[in-house]
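Numbering (the numbering used here), first residue to last: 1 to 383.
Don't read these hints as lab results, they were simulated from the structure. Every residue gets a Cβ at the ideal spot worked out from N, C-alpha and C, and that includes glycine. Don't take each hint at face value.
Ranges of calculated distance between the beta carbons of each label pair, as one might list FRET restraints [to be verified]: (1) Pro242 - Glu319: 55 to 65 Å; (2) Ala321 - Arg203: 44 to 54 Å; (3) Ala167 - Arg88: 33 to 43 Å; (4) Pro242 - Arg318: 49 to 59 Å; (5) Ala355 - Arg262: 28 to 38 Å; (6) Val364 - Asp233: 27 to 37 Å; (7) Ala166 - Arg342: 11 to 21 Å; (8) Ser149 - Arg94: 42 to 52 Å; (9) Ser149 - Asp233: 23 to 33 Å; (10) Glu319 - Arg94: 34 to 44 Å; (11) Arg88 - Leu51: 28 to 38 Å; (12) Tyr266 - Pro242: 31 to 41 Å.
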Amino acid sequence: MARVSAADPLALVYDLAIVGLGPVGAALAALAGGRGLRTLVVERETAPYSLPRAAHLDGEALRILAGIGVRPEGRDLDGFDLVDRQGRLLLRGRPRERPPGGFPAGRLIHQPSVETALRDVLRATPAVTVRLGTEVQTVTSGPAGITLSGPALSARARLAVGCDGAASRVRQSVGIGVEGGRFEQRWLVVDVRLTRDVPLPSRLLQIADPARPTTFVPFADPRRRWEFRLREDETAEAMTRPEAVHALLAPHVPPEAVDVERAAVYTFHDLVATRWRRGRVLLAGDAAHQMPPFLGQGLGAGLRDADALAPLLARVLREGAPLGVLDGYPAVRQRHVAGVIRQAVRLGRLATLPAGAAAVRDAVLRAAHRVRPLHRALLDVRG
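Kindly produce the complete structure, drawing on both the sequences and the hints.
Below, the structure is given as structure tokens:
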């Protein structure tokens, strides 16, 4: 991987330009470069974000990364538990099928470590060139290729993929909108490091407390995460103050037993690009779809995008197939993403019901434990 300074001219016309060097952009660059495609990756930041964001990868996502040469470490999981406010089990979500190849059903990972490993792969991939600290402002498409332009950038490629996140400049530049918005909730995400041994659950929990819906994520030691749904009257400024964070943590862990690494408010929602391809420009990852995190499938969906798209790009760019071949990418991926979003929204609504509806939910789910087919049908976790 070549580190090209912002002042260097880029007269070369690349096969592929990727905007965004998050895990999806890096995975796509590795898959494309491994197929011999001359690939330019442009990233606004100069280093990976140092704190974890995505928490979970399923077996299929782990298989994709392993094929690239990245094997994330972490805590293996086989699903999650939906529990009531007293911690009593309401529903156990498990994958219907085990992934092939000996991969676990799921693994809680440390995203910065995954991104570092992916960048190490790119450094060993001669076909890939990376420009860090470089902003893309516009993407212009012509009959023979595309041009990326920015304050210190003018680069050309035959095809481009926007992997530049939820606020994708690429998506906006080519006039693609988003649709959805059936689900929208604000949550406070708190990442901590344990400073001493404390008894905590080993399974991922959705705590369906009507007063404060909560998610617990048991990363590998010493990291843990709690996510708390915020009320409409609770501001991000107030709820990220140390005293507010410690008050939320106190029912779950002694505040003196943790160091808080991060407390940030996110809006969980469901949005999908109205189209995933416009001419020579495509979208992948959060630029194409955003989903509530309740099933832990956001990053995995993006890695599936990269895995599905890379061979089609090679067919067009190396084998001379027509551009229409690229329509096979949204044809495959949109259906899967729509299904995952439906399930994530379903679980999110189930876990965040108000008190009256929550009492009915709890009674129904406890009764369903006695009818196994009904219990399985209530929530089937599919990758």
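Consistency of the hints with the structure:
no.	hint	result
1	Pro242 - Glu319: 55 to 65 Å	holds, 57 Å
2	Ala321 - Arg203: 44 to 54 Å	holds, 46 Å
3	Ala167 - Arg88: 33 to 43 Å	holds, 40 Å
4	Pro242 - Arg318: 49 to 59 Å	holds, 54 Å
5	Ala355 - Arg262: 28 to 38 Å	holds, 30 Å
6	Val364 - Asp233: 27 to 37 Å	holds, 30 Å
7	Ala166 - Arg342: 11 to 21 Å	holds, 19 Å
8	Ser149 - Arg94: 42 to 52 Å	holds, 48 Å
9	Ser149 - Asp233: 23 to 33 Å	violated, 44 Å
10	Glu319 - Arg94: 34 to 44 Å	holds, 41 Å
11	Arg88 - Leu51: 28 to 38 Å	holds, 33 Å
12	Tyr266 - Pro242: 31 to 41 Å	violated, 19 Å
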